[in-house]
Each structure stands twice: as structure tokens, then as C-alpha cells.
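Below, each chain spelled out in residue letters.
Number of protein chains: 2
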Amino acid sequence: MDLSERQLQILQAIITDYVENAEPVGSRSIAKKYDLGVSPATIRNEMSDLEEMGYLTHPHTSAGRVPSDKAYRLYVNDLMKKKNLSAKDKRMINDRLSASRDEFDRTIRHAAELLSEITHLASFAMTPATNEETISFIRLLPVDERTLILMIVSEGGQVTNTTLRLTVPYTQEALDLLSKNMTVSYKGRTLDDVLKGEIIHDVGSDIEALSALRGSVMPSFIRTLEDMLNVNLYMEGMTNIFNLPEYTSIDRARDFMELFARKDWFTQKMLARDDGVVVTIGEENDTMKDCTLITATYHVDGKLVGKIGVIGPTRMKYDEITSIMEYLTNNLSESFRLPGSTGDGNAGDKEQKK
Amino acid sequence: MDLSERQLQILQAIITDYVENAEPVGSRSIAKKYDLGVSPATIRNEMSDLEEMGYLTHPHTSAGRVPSDKAYRLYVNDLMKKKNLSAKDKRMINDRLSASRDEFDRTIRHAAELLSEITHLASFAMTPATNEETISFIRLLPVDERTLILMIVSEGGQVTNTTLRLTVPYTQEALDLLSKNMTVSYKGRTLDDVLKGEIIHDVGSDIEALSALRGSVMPSFIRTLEDMLNVNLYMEGMTNIFNLPEYTSIDRARDFMELFARKDWFTQKMLARDDGVVVTIGEENDTMKDCTLITATYHVDGKLVGKIGVIGPTRMKYDEITSIMEYLTNNLSESFRLPGSTGDGNAGDKEQKK
DNA sequence: ATTAGCACTCTCGTTTGATGAGTGCTAACA
DNA sequence: TGTTAGCACTCATCAAACGAGAGTGCTAAT
Numbered sequence: 001m002d003l004s005e006r007q008l009q010i011l012q013a014i015i016t017d018y019v020e021n022a023e024p025v026g027s028r029s030i031a032k033k034y035d036l037g038v039s040p041a042t043i044r045n046e047m048s049d050l051e052e053m054g055y056l057t058h059p060h061t062s063a064g065r066v067p068s069d070k071a072y073r074l075y076v077n078d079l080m081k082k083k084n085l086s087a088k089d090k091r092m093i094n095d096r097l098s099a100s101r102d103e104f105d106r107t108i109r110h111a112a113e114l115l116s117e118i119t120h121l122a123s124f125a126m127t128p129a130t131n132e133e134t135i136s137f138i139r140l141l142p143v144d145e146r147t148l149i150l151m152i153v154s155e156g157g158q159v160t161n162t163t164l165r166l167t168v169p170y171t172q173e174a175l176d177l178l179s180k181n182m183t184v185s186y187k188g189r190t191l192d193d194v195l196k197g198e199i200i201h202d203v204g205s206d207i208e209a210l211s212a213l214r215g216s217v218m219p220s221f222i223r224t225l226e227d228m229l230n231v232n233l234y235m236e237g238m239t240n241i242f243n244l245p246e247y248t249s250i251d252r253a254r255d256f257m258e259l260f261a262r263k264d265w266f267t268q269k270m271l272a273r274d275d276g277v278v279v280t281i282g283e284e285n286d287t288m289k290d291c292t293l294i295t296a297t298y299h300v301d302g303k304l305v306g307k308i309g310v311i312g313p314t315r316m317k318y319d320e321i322t323s324i325m326e327y328l329t330n331n332l333s334e335s336f337r338l339p340g341s342t343g344d345g346n347a348g349d350k351e352q353k354k
Numbered sequence: 001m002d003l004s005e006r007q008l009q010i011l012q013a014i015i016t017d018y019v020e021n022a023e024p025v026g027s028r029s030i031a032k033k034y035d036l037g038v039s040p041a042t043i044r045n046e047m048s049d050l051e052e053m054g055y056l057t058h059p060h061t062s063a064g065r066v067p068s069d070k071a072y073r074l075y076v077n078d079l080m081k082k083k084n085l086s087a088k089d090k091r092m093i094n095d096r097l098s099a100s101r102d103e104f105d106r107t108i109r110h111a112a113e114l115l116s117e118i119t120h121l122a123s124f125a126m127t128p129a130t131n132e133e134t135i136s137f138i139r140l141l142p143v144d145e146r147t148l149i150l151m152i153v154s155e156g157g158q159v160t161n162t163t164l165r166l167t168v169p170y171t172q173e174a175l176d177l178l179s180k181n182m183t184v185s186y187k188g189r190t191l192d193d194v195l196k197g198e199i200i201h202d203v204g205s206d207i208e209a210l211s212a213l214r215g216s217v218m219p220s221f222i223r224t225l226e227d228m229l230n231v232n233l234y235m236e237g238m239t240n241i242f243n244l245p246e247y248t249s250i251d252r253a254r255d256f257m258e259l260f261a262r263k264d265w266f267t268q269k270m271l272a273r274d275d276g277v278v279v280t281i282g283e284e285n286d287t288m289k290d291c292t293l294i295t296a297t298y299h300v301d302g303k304l305v306g307k308i309g310v311i312g313p314t315r316m317k318y319d320e321i322t323s324i325m326e327y328l329t330n331n332l333s334e335s336f337r338l339p340g341s342t343g344d345g346n347a348g349d350k351e352q353k354k
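If you read the protein sequences in the order shown, they are chains A and B. No gaps in the numbering here: position 37 of the first sequence is 37 in our numbering, and each next residue is one more. No gaps in the numbering here: position 82 of the second sequence is 82 in our numbering, and each next residue is one more.
Hints should not be assumed to be uniformly reliable.
Restraint-style ranges between C-beta atoms, simulated for each label pair [as the list claims (entries may be wrong)]:
1) A:Thr248 x B:Asp192: 43 to 49 angstroms
2) A:Arg28 x B:Arg44: 57 to 63 angstroms
3) A:Asn94 x B:Arg91: 43 to 49 angstroms
These are computed hints drawn from the structure, not numbers from a lab. All values derive from a computational prediction rather than experimental measurement. All C-beta atoms, glycine included, are put in the ideal place defined by N, C-alpha and C.
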């Protein structure tokens, strides 16, 4: 059942060629371009076998062969070699990422922009996954007599806030007190906990003004917590995919766009607790069966985990892209390490494949 | 030079028909569908005149006529009548908007979603324009020994924050002191002022720890201020345009998408200080010469001004869409009025056309 | 001023045929 | 027994040809 050396060579050649040219590849062109020392006829026979085993497909009777998801999987797992980044790409990553090293969100957004620029694919990036994040403190800040800001900060430093407008004025005292009470009640609890559990009802309901304020604030508090789970997803370069031959059909392009607009789907994808570069090809994916999703993890002080990824057709340069993403995430993790610390808590160059 | 009554009727008929069917409209179909009491031949003559005057165009010799930008302009200014919203649309707006009446940003985002759902076009919405907004206070909040949150709040209640990571630890005292000093220095000044003016250098540079902290914080402060100008732009429903016949060509679709991705362009557009519903048709627009942009203004306590808009091909149902937007913005302004106040500071149903 | 009539133009969908790439099979070959 | 040459066959793609239909523009009659 294992593939012969020659079959592997042929498969590799077909993948390389197809990834390059986006057109079904025939036996003759393989024989000419890649020096396998056999005739087209032999290659045809092998291709026929490969097709039977599910590595190749046939768009129609007399077209060349196209690699299947299974072929790409084999390629990613066993065949492909790590690529060295071009000097230009390396420079780009080093320069552009270091420019704003001290700011979290901005850096992540830049990383996504960078990634889509280099790979010419659509990319996205997520600040540290937060459903297990714990709440650090809650603040209510005054704007005017009826308007206030609700601010939630997690231990990891993630911030979310909403502006609320109340129907009745509030007092500064009530605000301070409620801030304090809420912080005491929720500090150290995870977002999941708070969202799934019941609302704590005894948050200082003894004072009247406070209880009224509390009633106005709590619904927003819950909604804002929900926001924390998906608000920090940046998406970039979606128009890149228009340049790919697989999306010249308007229907395909529309499908892609509609999926890309579904932030929640990506958030879902991102919550998986894996490490390193992960490639999910075509059918392995539930939705978007003709796309490949590649994600990579970066680390903050070796602890917290955020993700960055690209999405495109299954036909993509797996070797280059995974190498780029590895380099990029290592670079990110490096930036986010405490200056003093030496521990490399998983920020290294391990790579895990599905 | 004025158009005759009959010419106006014909022009109106052509516009109505073309907006509906997206196909060049011929003399015969006009004569049949709209009861003008004249023969196709007469209509042909009039159409020829209208074309000479620049109200109609000819895709090619033997196709029907298509309205020009000039025709739409005439239609919008003089011909179209206000439309009554369907009960369904009204209900949708009332229901969906009131659900989150107390939260600013969320409401605006919902309004954009709603608008694109009802109009089947791409929409966007902007929270109050802020380059003339004044700073209310600045806070620095601790996360861990090297991480802190920088938060800027404007008088109007707009909030922006960034998480900073410093290379050296800071003290709580320094943080509090710097918060206070910065607030004192910048309170009441407009964003424009601060961004254009020089940085105030004498913010308590007498204490050493403080001055170090200040050095780390100030660059981010400036960048964060810049963020305040354009961060709150929501865009929705861009995939709607794929369903329109003018965007079945992949090139057109790409152009549209690329423009739509340029947030800065929209922000620019939105800063115009106009009121009510404003329609900008085709060439009147500098970029995107084949699109129409309709914006509408909403009010907060009759003072502050935010905008909401749709964008689509010049062929659109101007009467319906402007009516919807008027209704929607009135509704928004209503929600954002102080419960007690009666003054209607411009929140009424005035409408201004270009 | 309006209208009927008619020739003319141009697009669009369909058909047809040629072309070329590529396969699959068979028989010859090393 | 694995490899190769040869050849018939299959499809997709492209271009040319064609007819139908929609619509105009002009002229002459009303």
C-alpha cells in the first residue's frame, strides 16, 4: 500500500507543477520538465495507479491530473522541505514588526497585514484566546451625568469597554462602589465561568441608588464579556484572493467573501488549543471544503497563546508559507518575551502537524 | 433649456425602468408600460433630444437608453417623491434598534447591519466625528509589573485604549501621577490641537521615575490619539453587492472590494460637516466614478454628529433608500436624545441635497 | 407636431468545425 | 516483467458563421 519511490517523485512533481501553474498537469509535461528518466507512457501508468489510490483526480476524461486533498496531506506531512525565507521577506518581517514592539494589538494587526502581503493570501490574527482568561478588574468611569464607561480588564491585559447611557443620573459614589463590588465578585474568575454561571445577585443591593445602577449596568456587562471573546480578530488582504485563478468565477469569490465575513467562524477555529504551525486541508475542514487554513501560534512570555493564520485555495505553496509563518510567529514570540527572562516556554521552533 | 413636462415624464419612466431592470430601456417598452399617450416614435425623438442634453447615454448604436449621472441628479433633486417605508421595514428598525439603546457603539453597528439588510447594499456607520472632539481625561491602569493600559476618554464619551509593555517596571505612584499630569495638560483640548501642536514637555519631568515612564508612554499616546479619529468605522454587507448585475464582472467586484477595504477613504468622506441626507452620484465622487454614496447624519442630544451611509452602483432606488435612511437616522437621533430634553437641535426631518 | 414604416446596426445565443492536449489501451521491446 | 511506442478516442476551447431580436434613425405621410 506504500508508494514506491518513483510514485512519490511523480506525485511531488505533479504537486509542484500544479501549485505553480494552476492547471491540470499531463504526463508529457512531467516527463519533459522533471528528469525522471522514464517515458510519458510509464508516468501515465503510475498516474493511473495514484488516481486509484486517491491521490489524484481527473477533471474530465482527457485532461491532466490534479492533486487531491490526500496528496497535499502526504506532501505536507512527509514530502515537503523547509524553505529558507528570501532576504527580502526576512527584512520585511524584522523591520515592520519591530516598529511597534511595545503595543500589543497594533503589533498583531501589523503581523496580519504583513502576512497577507508576503503570502498574497487572505490572513487573520487573533490576540490571545480569552475564554479561559481571568478577569482582573472592572471599572466604571464617568463621562457626563448620564453617560459612563464600563471597562473590563483581564489578567492578560486584554481590555474591552462600552459606553453606556442611562435613563437616570448616577452618583460618583455609586459608581465607585459598584466598580469595587464587581471587581471583588469577579476578580480571578474566567470569562467562561462568568458567562455560563448565574449572575451574582448580591452585589451590594443594600443601597438603593447602587441597586438601580447595577440593574442598568449588568446586562451590558454580560454582553461586553461576550465581546471580549471575539472582538480582537483582525482580518487583512481579502482582496488578494481575487488574483487567484480559482476565484475568477464570481460565485466562488462570493462564497469566499461571505465566509470571510463570518468572524465568529474564525474565532471558533482559533480556540483550538494546539501549538505550532497547523495545516488544515480542504475536506478536513468542515465548511469551505476547497480551502486550506494554516494557523500558527505565538506566545507571550511563553504563556499566553494567540494565533495568526492564512486562508486560501488548497493549491498553495505549503513549504514557503509554513516556513514564513514559523519565522513570523517565532519573531512575534520573541518580541513578546519579558526582556529579562530566559525561559523559552514553548516559544521555540517546534512544529506540529495534524 | 428647461425640460418639457413630457420630457420629464419620459426621463422619469426611463429611470424607473432602468433602476428596476438594470437593462437599457427602449422606446417601445416605455410606450407600452407607461401610459404616456404617445407613440414609440415620438418617444424616440424626445429621447434623442434628452441624449443631446446629456441626460441619457447609449451603450451602443442599437441598444436602449441608460440614464446618466446628470439624470439621476435631476431625479434626486426634483423628481423623486418621498416613499413610505413598508410596515415590515419600520418594524425592523424600531425593534432592532431599541434592543440595545443604551450602548453607543453597539447601536451604531446594529444600525449599519440593519441598513445593509434592508437596502441590500453595502453600508457603513461612524460614531461621532471626533477631530474636533475634546479630551476629557487620560488614565493609566496597571496590568502587571511591566504592562499597563493607556486609556483616553473624550468629552463626548468616546474611549480608546492600548496595552503597553514597558522594558522596565514602573511604580503605581508614577502611574497615578502621570495620569493626573497628562489629564491636567490635555483636558479640554481638541484632538486636532494636540496632534498638530507640539508635545508638552514639562509634564512633571522633575521626578526621575516619572520622566522615564513618560518617555515610554508619550509615543503611544500620540498614536492612540490618531486611532481615535478612525477606529470607530463599521462596515457591513459588502457581499451584498455580488448580487447586483453591475458586479458580475470579477474586475468590477474587485475594484469595489478594494475600495471598500480602504477605511481611511471613508473616514475622509465622513468628516464633511453636512447635515441630513446627502447623495453623491457617480462622477461627483472623485474616486469610484460609477458608484453612488448616500450618507445621513444622526445627532446626539442634538449636538454631536455621526454618520451612516450606503454605497452601491449609481443605479439604485434613490427614493426608497433616502427615505429609509431618513427614518433610520431620525430614529437614532431620537434614541440618543436626553430623556428630559425637549430641544430638537437639528434632529428633525430636514433634508439637504447637494 | 406626430406617427407609421422601413432599412440598418449591433448584441447575443447557438451551431459548427477545427485544434490540441491528454488519456487508455495494445502490442512490441529489452 | 517492466517499459515504451503508437494510435484511436475524448473533451474542452476557440473562432467563425448564422439567425433572431431589439432598437434606433430617417423619411414621408398624416
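- request: Find the hints from earlier in the document that the structure breaks and name them by number, from lowest to highest.
  value: 3
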